[in-house]
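Which chain is which? The protein sequence lines are A and B, in order.
Sequential numbering from 1277 applies to the first sequence in the numbering used here.
Sequential numbering from 5 applies to the second sequence in the numbering used here.
Hints are computed from structural coordinates only; laboratory data are not their basis.
Since we're looking at a predicted model, the values are computed, not measured.
Among the hints, a few may not be true.
Unchecked claim - Which bits of chain B does chain A cover? Going by a derived footprint, with three or more residues having C-beta under 8 Å, they are:
#: 1; segment: 13–26
#: 2; segment: 64–77
Unchecked claim - Rough simulated footprint, nothing fancy, chain B against chain A, three-plus residues with beta-carbon under 8 Å:
#: 3; segment: 1300–1311
#: 4; segment: 1513–1525
Backbone N, C-alpha and C define an ideal beta-carbon position, used for all residues, glycine too.
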Amino acid sequence: MEKWPDNKAWFLVLPVVVLVCFSAIIPLMTVVNYSVQDILQPGMGFFVGTEWFERILHDERLHGALQRQVLFSLTVLLIEMPLGIAIALALPTRGWGVSACLVLLALPLLIPWNVVGTIWQIFARGDIGLGGAAVKALGLNYNYTASATDAWITVVIMEVWHWTPLVALLAYAGLRAIPDAFYQAARIDGASAWAVFRYIQLPKMRGVLTIALLLRFMDSFMIYTEPFVLTGGGPGNATTFLSQFLTRLAVGQFDLGPAAAFSIVYFLIILVFSWVFYQALEGMGKGASK
Amino acid sequence: MDLTWMAWTLPTAVFFITIATLLAGMTVWDLAQPSVARKGFLPIATTRGDRFFIGLLSGAWLHLAWLGLTDLPLWYPLAALVVWMIVLLRWG
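With the hints as extra help, turn the sequences into a complete structure.
Okay, here's the thing in structure tokens:
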């Protein structure tokens, strides 16, 4: 293999390395340190070994939060990915409509997360909210503060409303990057719309869809603010996902040791999922380009 | 520099020093002898760094599974991890 004699370019990534050290690696090391100690107050901790890990691994509440989290992430991914691609395919490709659609699409992404929660909290209320009142007018007994199913549906719809535009914008960017020659060749061959999508558009969007899938999975798996504002994790624990469970443990009960141990497990779950997704999509890409 | 806020303990310090040493070793190894992606018993083509990452990650999960499922000491999964890491780097 050819070796590069000049490795000065590595110095250009040094600022990023320093930044990542301060923002991620040093805090992560601190969390690992906390996870093996009983922290009574800052500067006063007792080594407890793996006790916190054993406790959280056997915690039924954590198992429940994990199951809800996996179900939530899978549900939103299954809706957001196809919907985002469909929206991108339906968007205009020229004229003033492009800018108008892109601005409209980007709007939900510009709203702060806690405001998204508040908007939906009011919108979904049966008494004063437009959405809630409309559903009630259809004769459905809808109340997201009392029914677990209603709360779930509301949180999923909110998440889909908030983040599908990201998938759509990324997919749209991928679509626009396809040279016209591909479509011309497809027209000459008399390819159907489905064939164009399956053999030209989808493979060409692979890169952006990988990014969209990874971003959406990780974001949805770490979701906190929106359900916290909308449902507060309720009714009961119906919409308490991992982040909220973790926050209750760390901030609410000040159980820093178990919370740190749980954070590490959480981190490892995200790492595994992201890596598996990445490998799967890389493999798919290689298969498609053959 | 005061690092007491990081709540260091001897076992975690040893853990991080080991990881850092391994990473530094892998970097030097790769600079001296750049790794090329190849296919071993793993279902995907991997470079040496990929296999090291897979080894560390599977090691972390092995230790967690051990803690969750048994009451035996963690020396057993640690020994298993060392063997697994060697097998993975050599034939993975």
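Assertion that chain B covers the segment 1300–1311 of chain A - criterion: three or more residues, beta-carbon distance below 8 Å: That given contact holds, which follows from 6 residues of the segment 1300–1311 of chain A lying within Cβ reach (below 8 Å) of chain B.
Outcome, coverage hint (the segment 1513–1525 of chain A, chain B; C-beta under 8 Å; three residues): violated (count 0)
Check of the segment 13–26 of chain B against chain A for coverage (Cβ-Cβ below 8 Å, three residues minimum): holds (count 5)
Proximity test - 8 Å, beta-carbon atoms, the segment 64–77 of chain B to chain A, at least three hits: It holds: at least three residues are needed, and the segment 64–77 of chain B offers 5 whose Cβ sits within less than 8 Å of chain A.
Checked against the numbered hints above, the structure breaks only hint 4 and satisfies the rest.
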